[in-house]
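Chemist: If you read the protein sequences in the order shown, they are chains A and B. Position one of the first sequence corresponds to residue 1 (the working numbering), numbered consecutively onward. Position one of the second sequence corresponds to residue 122 (the working numbering), numbered consecutively onward.
Just so you know, the hints here were simulated from the structure itself, not pulled from any lab data. Backbone N, C-alpha and C fix where the C-beta goes; we use that ideal spot for every residue, glycine too. Careful: at least some of the hints might be erroneous.
[As the list claims (entries may be wrong)] Covered by chain A, per the in silico footprint, the following chain B stretches (three or more residues, Cβ under 8 Å):
hint : stretch
1    : 168 to 177
2    : 219 to 226
[Said to hold, decoys possible] Here's a subset of chain A near chain B, in silico, CB distances under 10 Å, partners left out:
hint : residue
3    : 37
4    : 41
5    : 45
6    : 46
7    : 49
8    : 52
9    : 60
10   : 96
11   : 100
12   : 104
13   : 105
14   : 109
15   : 110
16   : 113
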Amino acid sequence: QVTLKESGTGILQPSQALSLTCSFSGFSLSTTGICVSWIRQPSGKGLEWLADICWDDGKGYNPSLKNRLSISKDTSNNQAFLKITSVDTADTATYYCARSPFTIAAMWDYWGQGVMVTVSS
Amino acid sequence: EIVLTQSPTTMAASPGEKVTLTCRASSSVSYMHWYQQRSGTSPKLWIYETSKLASGVPNRFSGSGSGTSYSLTINSMETEDAATYYCQQGSSYPWTFGGGTKLELK
Numbered sequence: 001q002v003t004l005k006e007s008g009t010g011i012l013q014p015s016q017a018l019s020l021t022c023s024f025s026g027f028s029l030s031t032t033g034i035c036v037s038w039i040r041q042p043s044g045k046g047l048e049w050l051a052d053i054c055w056d057d058g059k060g061y062n063p064s065l066k067n068r069l070s071i072s073k074d075t076s077n078n079q080a081f082l083k084i085t086s087v088d089t090a091d092t093a094t095y096y097c098a099r100s101p102f103t104i105a106a107m108w109d110y111w112g113q114g115v116m117v118t119v120s121s
Numbered sequence: 122e123i124v125l126t127q128s129p130t131t132m133a134a135s136p137g138e139k140v141t142l143t144c145r146a147s148s149s150v151s152y153m154h155w156y157q158q159r160s161g162t163s164p165k166l167w168i169y170e171t172s173k174l175a176s177g178v179p180n181r182f183s184g185s186g187s188g189t190s191y192s193l194t195i196n197s198m199e200t201e202d203a204a205t206y207y208c209q210q211g212s213s214y215p216w217t218f219g220g221g222t223k224l225e226l227k
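Whole structure, please, built from the sequences with the hints as guidance.
Modeler: Right under this line is the structure:
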């Protein structure tokens, strides 16, 4: 059974760094083709893909935030991490981690419950 | 970046009604995926690689399309289908989502 769960700072002030952890089970980030992604959703709005990290340590970032994002993993402990620097109110959102299986076109078949992050002074 | 435009933004359908949601891409993509999101919950993969139903998805749902035009169809609307549906392309970085179609029960 595949599960993912996000955790991290709930409330931050502008200019601080946001650190998020995705703890997962039921699969391994050492399996060929598997990636874990971070996706966010401001309240009442749509979905935005942020970053991927894959089994081979390959990484992908959304160019709109690339300079502020850093994704990493701890394969042994089944965790993936996302750091966003210099947050502002526009980063207020629910942040999801999701598994991307080995497919023809990237998609996400399992999602975490999400963690709500608020940036406010 | 490939921009996905969904239409309509919001619609209401009666039980038993046929529903078609549309997703148009700014450039050609190989496949389209669709997600269902009910209020207060995480998105769920609903249709993948344009026309394949994810596990547990009722067969009243179908997907079709190619190039820059894709659609999700519900053959006969049911109460539980009320949700927001997002299309997503995974053919070209950065991966992008459409703005969503909110489907309500009439």
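Chemist: Which numbered hints turn out to be false for this structure?
Modeler: Nothing - there is no hint that the structure violates, so all of them hold.
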